[in-house]
Amino acid sequence: MTQSSQTTAFDSQETSLDVVTLRARFPILAKRIRGNPFVYFDNAATTQKPQSVIDALNRYYTDQNANIHRGIHYLSEQATEIYEEARRRAARFINAPSERQVIFVRGTTEGINLIAQTFGRQKVNSGDEILISTLEHHSNIVPWQLLAEERGASIKVIPIDDRGVLDFDAYVKMLNDRTRIVALSHVSNAIGTVVPIAEMCKEAHRKGIPVVVDGAQSAPHMKVDMQALDCDFFVFSGHKMFGPTGIGIVYGKDKWLCDMPPYEGGGGMIQSVTFEKTTFLDYPGRFEAGTPNIAGAIVLATAMDFIESVGLDNIAAYENGLLDYATEIFSQIDGLRIIGTAPDKAAVLSFILNDVHPHDISTFLDQDGIAIRAGHHCAQPLMKRFGVTGTARASFSIYNTKEEIDLVAESLQKIVNFFKR
Amino acid sequence: MNELFDLYQEIILDHNRRPRNFRPLEDHTCSADGYNPICGDSIKVFVKLEGENIEDISFQGEGCAISKASASLMTVDLKGKTLAEAQEEFKSFLAMLSEDEDFEVDFLEFGDLASLSGVRRFPARIKCATLAWHALEAALQGNEQTTTE
Ligand SMILES: Cc1ncc(COP(=O)(O)O)c(C=O)c1O
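So the protein lines, in turn, are chains A and B.
According to this note's numbering, the residues represented by the first sequence are 1 to 421, in order.
According to this note's numbering, the residues represented by the second sequence are 1 to 149, in order.
Keep in mind that a hint or two might mislead.
What the hints assert, rightly or not - Straight-line distance between alpha carbons at most 25 Å, and here's what the computed DMTMM-like set of lysine to aspartate or glutamate pairs gives:
#1 414(A) - 33(B)
#2 31(A) - 3(B)
#3 253(A) - 85(A)
#4 420(A) - 112(B)
#5 207(A) - 167(A)
#6 223(A) - 203(A)
#7 384(A) - 3(B)
#8 223(A) - 129(A)
#9 79(B) - 102(B)
#10 420(A) - 10(B)
#11 91(B) - 102(B)
#12 384(A) - 144(B)
#13 384(A) - 149(B)
#14 202(A) - 230(A)
#15 384(A) - 403(A)
#16 48(B) - 85(B)
#17 420(A) - 85(B)
#18 81(B) - 55(B)
#19 420(A) - 14(B)
#20 414(A) - 10(B)
#21 384(A) - 55(B)
#22 202(A) - 129(A)
#23 414(A) - 62(B)
#24 402(A) - 313(A)
#25 207(A) - 169(A)
#26 81(B) - 6(B)
#27 420(A) - 100(B)
#28 420(A) - 62(B)
#29 414(A) - 55(B)
#30 384(A) - 169(A)
#31 414(A) - 3(B)
As the list claims (entries may be wrong) - Here are some, though not all, of the chain B residues that point toward chain A, as calculated from beta-carbon distances under 7 Å:
#32 37
#33 39
#34 40
#35 62
#36 64
Honestly, the hints are just simulated from the structure, not real lab data.
Cβ coordinates follow ideal geometry from the N, Cα and C atoms, glycine included.
Just chain A, with the same shape it has in the complex (with noise of 0.2 Å):
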């Protein structure tokens, strides 16, 4: 992208994000929650979804519903059209080179598992690495440590500072011939870290090693460019981007998906079976073992239509201009202590307070209406190394407002000043 296109895109967010049209998208932010306005502070977990995807879930069942890839009737025909156009979609959303690059998956996890039980197996042996970093959600250590138990491999783990940055010189210390694959996360879930992906692919590939991103946090939150980041595999969930649950996608490149043994057996994937040999489909029918989450798939596509329709330059513009309000207001409540304070963060504020258990936060917010995330949040390790057991974590979406955070900051001087009774 040149300046001057960025430049434009800037200056345009200002008016084209209209955060009250926007948020009329979302029926469920008119819900009122124990007597109060329903301020939704969670969207790493999952997000709401708008009109427009509950409409697609409602067409696709009322009006296209039948199997892919089987009958020949006419249902089933435009069914299969519709999921596979679903995948043209996702793939030009993330700039892949051709849509046989995108595998349908349950979501993050599964994809992770996925790459970890195929492509994981053919790579790791008896004495390699992989290496993560301290950032990483569960979902992308637990898949890996099952995976160096089976093969007699280690996991290392490329350190942070105390902001939360991951040490760029330790890991190009860490990539040596042993390193097997490098797995890590795009966006922090926990502390909002972004991991500068590009650059550590860059080194990666020195080496030839390949890397797979975790991009569950960044995809709803920044223009994700396979092409520009040059990444082994990338994976993600639709439904912390406005699309439905038991849907994700598995991104990979030409070169190692070609080769790559299947996960599941099944229907739908094979070429030909008898008892004595089996022949695969290629890739990505190879992956998709079953009858997929077809409608799962297809609303997913109305979602990246949603997004690009809003724009992620502007969804990332706003986004961020709501993470500096937060950190601005939120630091000013007594007590109150910024878990994660990497220059480049997306979307996610974690915090303690002083005394007080994120549990307890959580409580308090949730009689005013106010739904965040406490505990660990999947990262325990992370958790670890800042010596918490958990935090409270607000998580923003483009349909937040800063009236919203004024909102949260004064329920929280409130717990404060109950505390201090």
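Assemble the complex: chain A is given as a structure, and chain B with the ligand must be docked to it using the hints.
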């Protein structure tokens, strides 16, 4: 706010701020870690038995106001009781927490433990209130660990 005041009663805030028997017990006869995998909190309970008698009891660990206060109240309540009495106490404590909101808690029966009855309105927090008790149960059964799941 009323429900919150019900949940975080003065006694609970006090036990959260100044937990009683909050220390390891050097000469304990048994102990166990209670762990809540949902939040990562853990509370370790130490017991010193003399025959059938709970001679001393203490706890340590990390937890929210509810789990800490509950652990503290438990140790105060059980010190000096017999094992059989402790079992009874746990049973009726669990029963109190599973009653619906309108149930009148008998303050004479429960003493300070009754201050935890507000938890009934917060189903997500019941596990916080029972964590220490489950750890105690595990310790008495000779297990070193238990989880709320
Ligand atoms: C960074 C990150 N990775 C992985 C996951 C797992 O995603 P899912 O639960 O959709 O499989 C999440 C969300 O929970 C996440 O935030």
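Okay, the hints, checked on the actual structure:
1. 414(A) - 33(B): The given pair, whose Cα atoms are some 33 Å apart, is violated under the 25 Å limit.
2. 31(A) - 3(B): 21 Å, holds
3. 253(A) - 85(A): Distance ~20 Å between residue 253(A) and residue 85(A) Cα, so the pair holds.
4. 420(A) - 112(B): 22 Å, holds
5. 207(A) - 167(A): Distance ~18 Å between residue 207(A) and residue 167(A) Cα, so the pair holds.
6. 223(A) - 203(A): Given that 25 Å is the threshold and the Cα spacing comes to 22 Å, the pair holds.
7. 384(A) - 3(B): 33 Å, violated
8. 223(A) - 129(A): 31 Å, violated
9. 79(B) - 102(B): 30 Å, violated
10. 420(A) - 10(B): 12 Å, holds
11. 91(B) - 102(B): 20 Å, holds
12. 384(A) - 144(B): Judged against 25 Å, a Cα distance of about 22 Å means the pair holds.
13. 384(A) - 149(B): 22 Å, holds
14. 202(A) - 230(A): Holds, at roughly 8 Å.
15. 384(A) - 403(A): 33 Å, violated
16. 48(B) - 85(B): Holds, at about 15 Å.
17. 420(A) - 85(B): Not satisfied, since the Cα-Cα distance of roughly 36 Å exceeds 25 Å.
18. 81(B) - 55(B): 8 Å, holds
19. 420(A) - 14(B): 11 Å, holds
20. 414(A) - 10(B): 16 Å, holds
21. 384(A) - 55(B): Answer violated: residue 384(A) to residue 55(B) is near 35 Å, above 25 Å.
22. 202(A) - 129(A): 19 Å, holds
23. 414(A) - 62(B): Cα-Cα ~23 Å, so holds.
24. 402(A) - 313(A): Holds, at about 19 Å.
25. 207(A) - 169(A): Holds - the C-alpha atoms of residue 169(A) and residue 207(A) are around 15 Å apart, at most 25 Å.
26. 81(B) - 6(B): Roughly 28 Å separates the two Cα atoms, so the pair is violated.
27. 420(A) - 100(B): 31 Å, violated
28. 420(A) - 62(B): 19 Å, holds
29. 414(A) - 55(B): 41 Å, violated
30. 384(A) - 169(A): 22 Å, holds
31. 414(A) - 3(B): Given pair residue 414(A), residue 3(B) holds - Cα atoms ~15 Å apart, limit 25 Å.
32. 37: 9 Å, violated
33. 39: 5 Å, holds
34. 40: Holds. Min distance 4 Å.
35. 62: 5 Å, holds
36. 64: Cβ of residue 64(B) sits 4 Å from chain A, so the hint holds.
The structure shown violates the earlier hints numbered 1, 7, 8, 9, 15, 17, 21, 26, 27, 29 and 32.
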